[in-house]
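According to the numbering used here, the sequence shown is numbered sequentially starting from 5.
Heads up, some of the hints might be wrong.
For each label pair, taking beta carbons as the anchor points, the in silico distance ranges come out as [stated by the list, open to error]: (1) Ile63 x Arg25: 17 to 25 Å; (2) Arg25 x Ser128: 30 to 38 Å; (3) Lys87 x Asp46: 28 to 36 Å; (4) Glu54 x Arg86: 17 to 25 Å; (5) Gln147 x Asp57: 21 to 29 Å; (6) Met59 x Arg117: 30 to 38 Å; (7) Glu7 x Lys119: 17 to 25 Å; (8) Gly27 x Arg124: 28 to 36 Å.
The calculated DMTMM-like cross-link candidates involving lysine to aspartate or glutamate, where the alpha carbons are at most 20 Å apart (straight line), are [said to hold, decoys possible]: (9) Lys50 x Glu112; (10) Lys133 x Asp51; (11) Lys87 x Asp60; (12) Lys120 x Asp51; (13) Lys133 x Asp72; (14) Lys119 x Asp51; (15) Lys87 x Asp121.
Read the hints as simulated data drawn from the structure, not as lab findings.
If you're wondering where the values come from, they're calculated on a predicted model, not measured in any experiment.
All C-beta atoms in this analysis are idealised placements derived from N, C-alpha and C, irrespective of residue type, glycine included.
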Amino acid sequence: DEENLARGIDCSRAIWFAFTRAGLPYNRNDRYLNTAMMVEADSPMKDQFERCDDMDLRIGDILVYRDDSRGDGHVVMVIDPRKRIAWGSHGWDGNAGKLKIEPDTGVEYQLIRYKKDWQRWDRSTMDLKACWRYREFALEAEQGRGLPGMKALSDVCNARRNCGL
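My request is simple: use the sequences and hints to build the entire structure.
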């Protein structure tokens, strides 16, 4: 974990960090996945997530974008599907050496103002390639008790997870 985080919090690390620090299994080994790994047919995302490519988006869905021409990608978590609000690290793609400006390395909410849908991210070639829905969230939502993911928050701060350190 420490070695991985020392590289910075780009979009895919932000998503990985959120799930693993909340104590939610991310994949069978809880390993970090970059966006290219998230869109593969046999992606380890399948261990804990279901595909949700029907675009009936829900809070917590993970959207993975890739630009096939440039070979880079982006990933966000849906916060409000109707208002098009996403959460993630939006300013650094893990390749800071290639940038001519100091990248924005924080994690933030973003209102997607200028696009009518979720099909592309910040340029016309950055296409949506996968939607992943956390399986446990989907099961909790179907049961109709509480809010999706609330069960996972019941012991979010325990010593094993180094909460608050």
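Results for each hint:
One distance hint, 17 to 25 Å for the beta-carbon pair Ile63 and Arg25, holds here, with the actual separation near 18 Å. Range check, Arg25 to Ser128: Cβ separation about 34 Å, and the 30 to 38 Å hint holds. Range check, Lys87 to Asp46: about 34 Å between beta-carbon atoms, so the 28 to 36 Å window is met. The supplied range of 17 to 25 Å is met by Glu54 and Arg86, whose beta-carbon atoms lie about 21 Å from each other.
In this structure, Gln147 and Asp57 meet the distance hint of 21 to 29 Å, their C-beta atoms being roughly 24 Å apart. Taking 30 to 38 Å as the suggested C-beta distance range, the pair Met59 and Arg117 does not conform, at roughly 19 Å. A hinted range of 17 to 25 Å for the beta carbons of Glu7 and Lys119 is inconsistent with their spacing of about 36 Å. Hint check: Gly27 to Arg124, Cβ distance near 33 Å, so the stated range 28 to 36 Å holds.
In summary, the hint linking Lys50 to Glu112 is not supported, as the alpha carbons are separated by about 26 Å, beyond the 20 Å threshold. Among the hinted pairs, Lys133 with Asp51 is consistent with the structure: their alpha-carbon atoms are about 18 Å apart, no more than 20 Å. With a CA separation close to 14 Å, the supplied pair Lys87 and Asp60 stays within the 20 Å bound. For the given pair, Lys120 sits about 31 Å from Asp51 by alpha-carbon distance, which is inconsistent with the 20 Å threshold.
This hinted pair checks out: Lys133 and Asp72 have alpha carbons roughly 10 Å apart, not beyond 20 Å. For the hint pairing Lys119 with Asp51, the CA-to-CA distance comes to about 31 Å; that exceeds 20 Å, so the pair is violated. Our distance criterion of 20 Å between C-alpha atoms is met by Lys87 and Asp121, whose separation comes to about 10 Å.
Comparing the model with each numbered hint stated earlier shows that hints 6, 7, 9, 12 and 14 do not hold.
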